[in-house]
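Engineer: Construct the entire structure; sequences and hints are all you get.
Protein chains: 2
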Amino acid sequence: MNTSILAPPESLLEAQKVRLAIREGYDRPTAGMANGLTQVNMISVPQDWAYDFLLYTQRNPQSCPVLDVIDAGQFQSRLIQDKQHDIRTDFPRYRIWEYGQCVDEVNDATSIWNNHPDLVTFLIGCSFSFESALLNAGIEVRHITDQRNVPMYLSNIPCASAGRISGNMVVSMRPIPAAQVSQAVQITAKMPRVHGAPVHIGDPKSLGIADLSKPDFGDFPRILDGEIPVFWACGVTPQAAVMRSKVPFAISHAPGYMLITDVPDQAWML
Amino acid sequence: MNTSILAPPESLLEAQKVRLAIREGYDRPTAGMANGLTQVNMISVPQDWAYDFLLYTQRNPQSCPVLDVIDAGQFQSRLIQDKQHDIRTDFPRYRIWEYGQCVDEVNDATSIWNNHPDLVTFLIGCSFSFESALLNAGIEVRHITDQRNVPMYLSNIPCASAGRISGNMVVSMRPIPAAQVSQAVQITAKMPRVHGAPVHIGDPKSLGIADLSKPDFGDFPRILDGEIPVFWACGVTPQAAVMRSKVPFAISHAPGYMLITDVPDQAWML
Numbered sequence: 001m002n003t004s005i006l007a008p009p010e011s012l013l014e015a016q017k018v019r020l021a022i023r024e025g026y027d028r029p030t031a032g033m034a035n036g037l038t039q040v041n042m043i044s045v046p047q048d049w050a051y052d053f054l055l056y057t058q059r060n061p062q063s064c065p066v067l068d069v070i071d072a073g074q075f076q077s078r079l080i081q082d083k084q085h086d087i088r089t090d091f092p093r094y095r096i097w098e099y100g101q102c103v104d105e106v107n108d109a110t111s112i113w114n115n116h117p118d119l120v121t122f123l124i125g126c127s128f129s130f131e132s133a134l135l136n137a138g139i140e141v142r143h144i145t146d147q148r149n150v151p152m153y154l155s156n157i158p159c160a161s162a163g164r165i166s167g168n169m170v171v172s173m174r175p176i177p178a179a180q181v182s183q184a185v186q187i188t189a190k191m192p193r194v195h196g197a198p199v200h201i202g203d204p205k206s207l208g209i210a211d212l213s214k215p216d217f218g219d220f221p222r223i224l225d226g227e228i229p230v231f232w233a234c235g236v237t238p239q240a241a242v243m244r245s246k247v248p249f250a251i252s253h254a255p256g257y258m259l260i261t262d263v264p265d266q267a268w269m270l
Numbered sequence: 271m272n273t274s275i276l277a278p279p280e281s282l283l284e285a286q287k288v289r290l291a292i293r294e295g296y297d298r299p300t301a302g303m304a305n306g307l308t309q310v311n312m313i314s315v316p317q318d319w320a321y322d323f324l325l326y327t328q329r330n331p332q333s334c335p336v337l338d339v340i341d342a343g344q345f346q347s348r349l350i351q352d353k354q355h356d357i358r359t360d361f362p363r364y365r366i367w368e369y370g371q372c373v374d375e376v377n378d379a380t381s382i383w384n385n386h387p388d389l390v391t392f393l394i395g396c397s398f399s400f401e402s403a404l405l406n407a408g409i410e411v412r413h414i415t416d417q418r419n420v421p422m423y424l425s426n427i428p429c430a431s432a433g434r435i436s437g438n439m440v441v442s443m444r445p446i447p448a449a450q451v452s453q454a455v456q457i458t459a460k461m462p463r464v465h466g467a468p469v470h471i472g473d474p475k476s477l478g479i480a481d482l483s484k485p486d487f488g489d490f491p492r493i494l495d496g497e498i499p500v501f502w503a504c505g506v507t508p509q510a511a512v513m514r515s516k517v518p519f520a521i522s523h524a525p526g527y528m529l530i531t532d533v534p535d536q537a538w539m540l
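These protein sequence lines are chains A and B, in that order. Mapping of the first sequence onto the working numbering: position 240 corresponds to residue 240, and the numbering continues sequentially without gaps. For any residue, its number in the working numbering is found by taking its place in the second sequence, counting from 1, and adding 270.
Since the hints were derived computationally from the structure, they do not count as laboratory data. No incorrect hints appear here.
Beta-carbon label-pair distances, calculated as ranges: (1) A:203 / B:410: 49 to 57 Å; (2) B:496 / A:83: 45 to 53 Å; (3) B:410 / A:248: 54 to 62 Å; (4) A:244 / B:483: 51 to 59 Å; (5) A:212 / B:540: 26 to 34 Å; (6) B:356 / A:25: 52 to 60 Å; (7) A:244 / B:496: 58 to 66 Å; (8) B:408 / A:246: 52 to 60 Å.
Heads up, the beta-carbon is just placed ideally off N, CA and C, and yes, glycines get one too.
Structural biologist: Here it is, written out as structure tokens:
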């Protein structure tokens, strides 16, 4: 992270306002909100699983770029200055996992965290961070245009396993006009801490995706003639690992329902 | 790591030859050897300490860029293709640590590892990787010219602590002519996985170094008129953490006595 790039005061106020709205019940995907500030994925696992999990992220940095690790019993992140924030309430929606099954979705996870005091929380970079850069280059981001959630798919790309953790990569997809795909690669390649360059361009079948219109997470995409589906590694990959590895207990964000931090997206630009 | 940049066959043969010579007793600092191939630092700690340690590296990526983690009971690295290699013998010299004290130095650590089967091993990037790039730009690397070990100092820069692990940053120093310092910054900034840009330029006192001629590790440097001491984060930082944190047991390389891998230095260039 380039710590010398700071968000302007009005952005920090906006981030604070959005986090407050979320805490008070706003329950929608966050793409395009508090534009220019880093949004993060989250996975929280028991201390006993934290080493395997951290090693998994070390071995799979493109899909699991860890931006912060929050110790058990702590609920604030180094990525947010505002001392009112709380990771138990400031994601719009959480998923609760038991032995690899999603058993519940909630908007406030405070009581659940209180019942599981040993959870270690990983905040992971999100491809939303390069969307402003795409927009600034005149590349439309379809799910922002359509105010929908980004489509995400469980791919056939295996991640490197670590201890008890294994799983395949989850990818996000953005349809890009053929003439702009190369530019989209070059722009996103400059931001490896928020998933970086695409992992796959075109031909969903060879990525193990039978039907683009049925994403595993998020919303059905609109794809126009002449557009190529472009796939990036996605911070929902840890949830796929939790499922496959049957982690006894975990809390994650709901895909697309992110935490907004105080760090400018630009801080991840090389 | 850019996995599409491969070492030429003759470099791989050279690396294999050097590792073999080391295994058979070569006992000198490795700067400048097997030119163009990545050399790595090493720290091996009990499984019970591995999470704290991995978290420490995550929170201090400039001084502790982890290039590979080798599970307990394993002695080969993903960074080396040659299936004959063994991390217990292929560093020229090892340090053995008990409760933060260096209790021994050995050239072959096989028996020690055998007595401590639960050690997890971290291989960490080394600033030697950017020295070819400096040389190619016409910037002299003094300790290579002089065939000495690079000088390293325990600085007053605190690292972010993690669990039971804390410590200050260790820095390596290279004297650079004033007219070339800016270029040295720009070149090394492109290689963040092997410590990247300098952390401090000139004025050793404000870095907590009272006397440049007395490095904490490595050899006394020769500094010419008009040269500025330039300091980079150093992969010996984990050893300072082992000392400060009184880790019950650890094995490290001896500073400057590195493992030579099969990965080209260029693979870490952005």
